[in-house]
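Generate coordinates for the entire structure from the input sequences, incorporating the hints supplied.
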Amino acid sequence: MKLRFVVFLFLLAIDGSATKRLCLSGCTVSGLMGMPLVVPDGLCKTVRGTNCQVNVRVQYHQRSYSVVFDTSYVKSYSRFIYILPSYYLSYTATYSCSSHDSCALDFAKTKVLELSNRTYDLFSIVSELRPLLEERRQAGDNLNCYDGACLTGLCEIEYDTKSNSLRKRVCNREANIVRVSAYDSGSYATLDIECNRTNCNSPNTMAYVKRILHTYNLTDANGRINRAQNGIGSAFMIGGLMLFSYLINKTIL
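With mature numbering (1 follows the signal peptide of the UniProt record, and there is no 0) applied, the sequence shown corresponds to residues -19 to -1, 1 to 234, in that order.
These are calculated hints, taken from the structure and not from any lab test. Possibly wrong hints are sitting among the right ones.
Below, computed lysine to any residue pairings styled on SDA-like, alpha-carbon distance capped at 20 Å [unchecked claim]: (1) K149 x N180; (2) K90 x K149; (3) K1 x F61; (4) K26 x C8; (5) K1 x S53; (6) K26 x L86; (7) K90 x Y58; (8) K143 x S53; (9) K149 x E139; (10) K56 x T27; (11) K149 x S168.
Now the structure itself:
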């Protein structure tokens, strides 16, 4: 009976859904890189939620950031990098938590400063990516992708950077923006390229893009975003296991 009670306490301790947290919600806070995150009084609602959630986006081409507060039913941590040949670079971190009231606000304050302290040579990044991905084309020109003609849209190649395997290589008929994007949620990670050069969704292009992103410290050599930052989830589980071990020992003794 005691052991069952201990297990219940452990599950209660690690399950944020058992306790509603006070969270900021329904607001967006913007600022310039280098400036700490300050939430003006009265801007956000304070609500109770299963998890507090925040979306932190830093736009390096504008040297600015925006932070959106909300609530969520699930815990999560994901990162997203988005690059356009028009010298656009954004890094987005989305995080939801239930460890304590306003835990998302604490995360956002730290994340804004961390991302603001990063420096990326955007001009060099785009200068190296653009010749691989983009070219001027006349209206009506057929685009030849790696696996065939693309009458409308762009060539696309998507790579699973967790399993180190190809996810898809297609003519994306709905795409109209040349771009490179990387996403990582820990359990799911991809690197995606949409381009309008002949055969630009080839394995060689993917290899060159991964090399460029790694050279400029955007990803690791395989195109995956900063794996070390997944430590939030790992630290949470380690702490939970330590608590479980402590409760078990107390029960046995």
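So, going through the hints one by one against the coordinates:
Proximity of K149 to N180 is assessed by CA-CA distance (about 14 Å); at most 20 Å being required, the pair is judged to hold. At most 20 Å may separate the alpha-carbon atoms for a hinted pair to count; K90 and K149 exceed this at roughly 37 Å. The suggested pairing of K1 with F61 is violated, with an alpha-carbon distance near 28 Å, which exceeds 20 Å. A distance of roughly 7 Å separates the Cα atoms of K26 and C8; the hinted pair therefore holds under the 20 Å criterion.
For the proposed pair K1 and S53, the alpha carbon gap of about 11 Å is at most 20 Å, so the pair holds. At roughly 13 Å between alpha-carbon atoms, K26 and L86 fall within 20 Å of each other, so this suggested pair holds. Among the hinted pairs, K90 with Y58 is consistent with the structure: their alpha-carbon atoms are about 15 Å apart, no more than 20 Å. In summary, the hint linking K143 to S53 is not supported, as the alpha carbons are separated by about 25 Å, beyond the 20 Å threshold.
Of the supplied pair hints, the one linking K149 and E139 holds, its CA atoms being roughly 5 Å apart against a limit of 20 Å. Proposed proximity of K56 and T27 is supported: the alpha carbons are some 19 Å apart, at most 20 Å. Proximity of K149 to S168 is assessed by CA-CA distance (about 18 Å); at most 20 Å being required, the pair is judged to hold.
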